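S.K.: The listed protein sequences correspond, in order, to chains A and B. Just so it is clear: in the first sequence, position 74 is 114 by the numbering used here, and no numbers are missing. Just so it is clear: in the second sequence, position 108 is 110 by the numbering used here, and no numbers are missing.
Hints in this document: simulated from the structure, not taken from any laboratory. Here the structure is a predicted model, which means the values were calculated and not measured.
The list that follows gives simulated cross-link-like pairs (lysine-lysine, DSSO-like), each with its CA atoms no further than 30 Å apart: (1) B:Lys384 x B:Lys442; (2) A:Lys225 x B:Lys526; (3) B:Lys442 x A:Lys225; (4) B:Lys550 x B:Lys526; (5) B:Lys550 x B:Lys442; (6) B:Lys442 x B:Lys524; (7) B:Lys442 x B:Lys526; (8) A:Lys225 x B:Lys384; (9) B:Lys526 x B:Lys384; (10) B:Lys524 x A:Lys225; (11) B:Lys378 x A:Lys225; (12) B:Lys550 x B:Lys524.
Partner residues are not named here, just some residues of chain A that face chain B (Cβ under 8 Å, in silico): (13) Asp231; (14) Arg233; (15) Pro249.
No residue lacks a Cβ here, since even glycine has one placed at the ideal position from N, Cα and C.
Listed below are the residues making up each chain.
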Amino acid sequence: MSGELESGVAFEPLSDPVLVGRRRLRHVIADHPSMIVAGLALLIIVAVTILAPLLAHAAPDQIVVTDRLKGPSGAHLFGTDNLGRDILARTLYGGRTSLKIGLVVALLSVGGGTVIGLLVGFYEIVDMIVMRLVDGLMALPALILAISMIGVLGAGITTVVICLSIVYVPRVVRVIRGSVLIIRKSTFVDDERALGQSEPYILFRHVLPHCMSPVIVQASFIFSYAILAEAGLSFLGVGIPVDVPSWGNILTDSRSYLTTAWWMSIFPGLAIALTVLSLNVFGDGLRDLLDPRLQER
Amino acid sequence: MGETVGSETTESVLDVENLTVTFPRRRGDLTALTDVSFHVRPGEAVGLVGESGCGKSLTALSVAGLLPSDCRVDGSIRLRGTELTALSRTERRALGGKEIGMVFQDPLSALHPVLSIGDQLTEGPRRHLGLSRRAARDRARDMLDRVGIPRTRNLLDEYAHQLSGGMRQRVMLAMALICEPQLVIADEPTTALDVTLQAQILELLRTTTMDVGASLVLITHDLGVVSQACDRMVVMYAGHVVEAGRARTVITEPRHHYTAGLMGAVPLPGERRRRLQTIAGTVPQLDRMPTGCRFAPRCGSADEACRTEPRLEPTDEATLVKCWHPLPRGRAVAAVLAAEERPAEGVSDAVPSEGPLLSVRGLRREFTSGPALRRKVVAAVKGVDFDIQPGETFGLVGESGSGKSTVARMVLRLIGATDGQITFDGGDLTALRGRALRRKRRDFQMVSQDPYGALNPRMTIGHLMLEPFRLHELGPASTWRDQSVTMLEEVGLNASMLRRYPHQLSGGQRQRVAIARALAPKPKLIVADEAVSALDVSVQAQVLNMMKDLQDRFQVAYLFISHDLSVIEFMSHQIGVMRHGELVEVGSPTDIYQNAQHQYTQELLSAIPPVPWATR
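Starting from the given sequences, assemble the full structure and let the hints guide the process.
M.R.: Below is the structure:
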């Protein structure tokens with residue numbers, strides 16, 4: 041519908057400098073240089089993990105016994121681990137697993153949490169029932185909950201993703217519910233109702249867009265939490281199988297060599313830190329970009 | 003003013019000279035006040051008048067030293083000869099706390115929620131006068147007594163939320179006066195109060211201030227309030243002083259077009275057929291100030307000369323006017339009142355013979371409150387009956403808490419009624435549910451009070467305007483956009499609005515959009531709940547005129563709700579007076595305003611601030 045408005049219609053020139061369309065975008069970007077840097081960093085991280093076969097000299101699981109625990113050098117930029125595997129290759133391939141898990145968990149839990157949160161915030165009866173369940177889930181420590189679920193369902197990447205998604209849904213539900221409770225009371229919701237709009241329409245077209253800012257911030261957090269949680273689960277040996285490289289698995293392997301081979305932990309650690317940081321900064325910028333009120337300063 | 007320059011200035015309590023306040027911003031400095039000068043003499047009350055955004059409150063904050071730290075203040079502010087701008091922040095606070103008392107618009111947010119009234123009242127005297135706790139409490143009791151709260155009502159250990167609005171404003175006043183300051187600054191002190199309280203509090207403000215020997219600076223948008231309480235007045239527009247002089251002189255013979263315009267915009271008693279005089283446009287925003295005379299773009303008499311800025315100069319009888327073409331003496335009031343008559347058709351008081359459009363019988367609504375086991379039932383509306391004829395306006399008037407809005411929400415079917423019947427357009431409205439109700443909503447629409455909250459801030463105006471057309475499938479989809487532009491033009495806007503967001507519009511423009519949206523499905527009834535209360539006087543006049551014109555054009559009936567008696571009189575064919583959930587009196591404007599039967603109606607009427615320029 042917005043297409044009809046935007047396309048092919050000659051508008052009168054604006055009498056005063058109200059920023060519209062692409063000019064507004066440019067303005068926002070100029071105001072958020074950090075968002076551009078973070079976005080570029082994310083792009084590069086994703087690109088190098090996709091291009092891992094081209095960038096790495098060796099396969100991530102290729103064991104070279106003679107090259108055990110070698111420091112960074114021309115042959116092995118990030119050094120080698122206790123089995124003589126190339127850390128650079130493992131970090132790049134491990135990124136594939138970790139980012140995949142982070143992305144899928146973020147999408148699943150935000151998607152599910154948003155729908156539940158909207159219903160819970162808008163309808164009081166749903167609220168009374170569902171929120172008790174959510175409170176129950178929140179009461180248990182996330183990692184313990186995930187471990188016990190994996191215990192029931194069995195280990196594997198899919199299980200880890202499902203368990204982490206379920207664990208993070210309550211966070212999203214709470215955030216969304218809070219926003220909905222405020223917006224539900226605002227005048228324009230009554231206005232829409234008086235106009236004759238149906239409840240689902242109001243809920244999805246009017247209330248949902250207002251919840252997007254906190255959701256985006258939550259999504260970037262959950263993305264990073266999931267990467268960390270996967271690392272934690274793998275560390276405890278209940279996460280993804282040892283033979284699949286992930287940033288968590290690599291860190292786990294490096295634990296015994298923290299003092300003797302720093303490169304084993306530093307590089308995958310940096311990868312996690314850089315990804316998480318970029319995600320959060322990018323999420324903040326995105327939130328501002330989506331709010332028309334924050335654009336004129 | 004003119005006469006005070008020179009020898010008398012040393013005797014003034016407050017001298018503000020060439021005060022200029024600038025907010026440095028990345029994209030250019032914003033100058034909010036430019037060369038503001040005025041003086042306050044001992045025992046005098048000076049009114050600062052103007053619409054929002056004109057700089058009244060900022061002037062007050064500058065004097066009180068409460069401006070945000072990132073702004074630049076030039077010029078001079080002297081309190082009894084002491085240059086305030088030269089003092090350090092600490093010195094200024096010490097002096098200001100003792101010598102300047104402040105009364106704000108909203109006493110609930112100005113009073114501390116978790117400190118008792120006693121704690122807050124004694125803080126000043128203990129700090130600035132060095133009194134002991136006991137002495138300070140004595141003084142506080144004394145002060146409360148003087149603002150009309152008897153000693154027997156021991157208020158000192160109560161908290162702000164336990165008090166009524168009028169009581170809170172009395173406490174604020176006591177707090178402002180307790181150190182016996184030289185100057186009291188009251189910023190819209192009665193605006194948030196009910197009509198019947200306004201007059202009382204204003205009188206109290208005036209007498210107690212004089213009592214302790216303080217001068218008063220009263221900030222208000224209401225010319226009636228100024229004429230009631232002030233000796234002299236200063237009219238501000240867009241950060242400039244545009245007119246200043248003796249209150250009575252300025253009000254009976256305004257020389258500046260803005261002052262006269264403000265007066266013309268107020269609905270006068272018994273003037274229902276008159277169109278309100280309006281000032282075109284709105285107060286300019288800080289970053290879009292016109293050069294030359296700042297009022298020129300809105301002024302009917304502007305010409306080439308107005309491209310350069312006029313000086314604030316004395317006219318013959320000691321009023322100062324900043325205008326190239328001041329209104330001539332003596333003709334000013336006549337000019338204000340010689341406004342265009344409305345055509346008689348469409349505003350006749352005769353009740354048409356066909357049946358009522360909306361008929362409300364025994365409407366009742368109860369709310370439950372309190373904890374689960376001790377739940378209390380409170381009736382907000384206790385059985386209300388009224389009819390609205392097609393194409394007419396039913397005005398519902400009453401103070402806050404009288405149940406007006408609850409009636410509106412029940413008529414709109416936003417909340418259910420506990421009991422009673424609403425018949426609309428021949429059908430029982432209370433029986434409709436779901437899809438049938440949503441379809442019927444086409445015929446009764448709503449315009450709400452809050453022009454800021456009534457439009458989804460994340461949608462463009464174009465999008466918002468499209469919604470009613472799509473929802474009710476008003477004509478083929480290809481015509482929706484043109485239809486929404488037509489509707490916007492109908493309310494005095496144009497297609498350039500389509501791509502803007504609500505926050506990029508002024509309050510008046512937003513309210514116009516809300517009205518255009520409500521009118522789009524061509525409803526038979528529009529429920530307007532305090533639809534103009536949040537708007538400035540000149541904008542309010544524009545919207546009221548427009549709503550009347552639209553009623554004539556579209557034959558729409560209004561359920562018009564307001565706390566403002568003069569607005570209700572101007573708009574309505576029938577008026578209902580509400581109090582404590584009951585309709586105490588229903589009648590035509592003539593019945594109500596000239597021959598009120600109920601005691602409460604008479605009370606309300608006597609509380610309307612006088613309109614001295616309406617004497618004919």
